[in-house]
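K.L.:
One letter stands for each residue in the lines below.
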Amino acid sequence: MKPALNVEAPAARRLPVDGMAPTHVETATFAVG
Amino acid sequence: MGYTGGTQPDPTYRRLGDHTESFQIDYDPTRISYETLLGSFWKEIDPTERPYSRQYMSAVFYADEAQKRLALATGRQAVAGKSGPLLTPVLPLGTFYRAEDYHQKYYLRRYTALMHELAGYSEREFEDSTVAMWLNACVDGHWKQEDLEAELERLGLSEAARLQMRRLVQAALGHRRR
Numbered sequence: 001m002k003p004a005l006n007v008e009a010p011a012a013r014r015l016p017v018d019g020m021a022p023t024h025v026e027t028a029t030f031a032v033g
Numbered sequence: 001m002g003y004t005g006g007t008q009p010d011p012t013y014r015r016l017g018d019h020t021e022s023f024q025i026d027y028d029p030t031r032i033s034y035e036t037l038l039g040s041f042w043k044e045i046d047p048t049e050r051p052y053s054r055q056y057m058s059a060v061f062y063a064d065e066a067q068k069r070l071a072l073a074t075g076r077q078a079v080a081g082k083s084g085p086l087l088t089p090v091l092p093l094g095t096f097y098r099a100e101d102y103h104q105k106y107y108l109r110r111y112t113a114l115m116h117e118l119a120g121y122s123e124r125e126f127e128d129s130t131v132a133m134w135l136n137a138c139v140d141g142h143w144k145q146e147d148l149e150a151e152l153e154r155l156g157l158s159e160a161a162r163l164q165m166r167r168l169v170q171a172a173l174g175h176r177r178r
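Note that the protein sequences, when read in sequence, are chains C and G.
Last residue of the first sequence: 33 in the numbering used here, with the numbers rising by one and none dropped.
Last residue of the second sequence: 178 in the numbering used here, with the numbers rising by one and none dropped.
Calculated directly from the structure, the hints in this document are not laboratory data.
Just so it is clear, CB atoms sit at the ideal spot from N, CA and C, and this is done for glycine as well.
With the Cβ distance kept under 7 Å, some of the chain C side facing chain G (calculated, not the full set):
no.	residue
1	15
2	16
3	27
4	28
5	32
Assemble the whole structure, with the sequences as input and the hints as a guide.
P.N.:
Written out as C-alpha cells, the structure is:
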C-alpha cells in the first residue's frame with residue numbers, strides 16, 4: 001500500500017527550514033545508475 | 001526524482017520508454033556551487049564504467065553551456081589517472097518528468113512518526129521540502145554524528161522526532177563499525 005501524507009492535518013505548520021527557501025535557486029540534474 | 005533523457009512523452013515507472021531514472025537538485029548557488037555538486041557526483045560513480053542500461057545509467061544532464069563545460073571538465077579530471085576513458089554520458093537536459101509520488105523521498109515514507117512532522121504538506125511541498133530531503137538522507141544512513149545536533153536544531157523538529165533521529169544516526173554508525 002502506498003504510504004500517504006496526512007493531508008487532513010492542519011496546513012499551518014511549516015518547519016523553519018522550509019519557510020526560509022532562498023529566493024534564487026539553480027537546478028542540477030543527475031542520474032546515478 | 002524523475003525521468004529524463006528520452007523521447008517518450010509522459011513516462012511512468014512502468015512505461016519508462018527510453019528515459020533514465022534521474023533526480024534534480026535545487027540548490028542555493030551562494031551556498032554550494034555546481035562544481036561542488038559535480039565533485040560529489042563523480043565520487044559517487046565510476047566514470048570509466050560503461051552504462052549498464054538506459055534506465056539505470058549514470059549521467060549528467062546539463063541545462064546550459066556553462067553546466068556542460070563544467071560537467072565535461074570535472075569528468076575529465078575524474079578519470080585522470082584511471083585506466084579508462086570517461087564513459088559517463090554528459091547530455092543536454094530535455095523535459096524532466098517528475099516520478100510518481102511514491103518514488104519521492106522513498107526511504108522516509110516508511111517512517112510514520114517522521115512523516116508526521118510534515119503533516120499538512122501537500123505532495124508537491126513534501127517533494128520539494130528541504131526538511132524531507134534531510135530526513136530521507138538520515139533514515140538511509142547518510143548523516144554524520146558531528147552534523148546531528150546542529151541539523152536537529154536547524155530543522156525545528158519535535159522532541160520525539162529528534163529522539164528518533166538520534167537513534168537512527170547511532171544505529172547507522174553502529175552498523176558501519178561492524
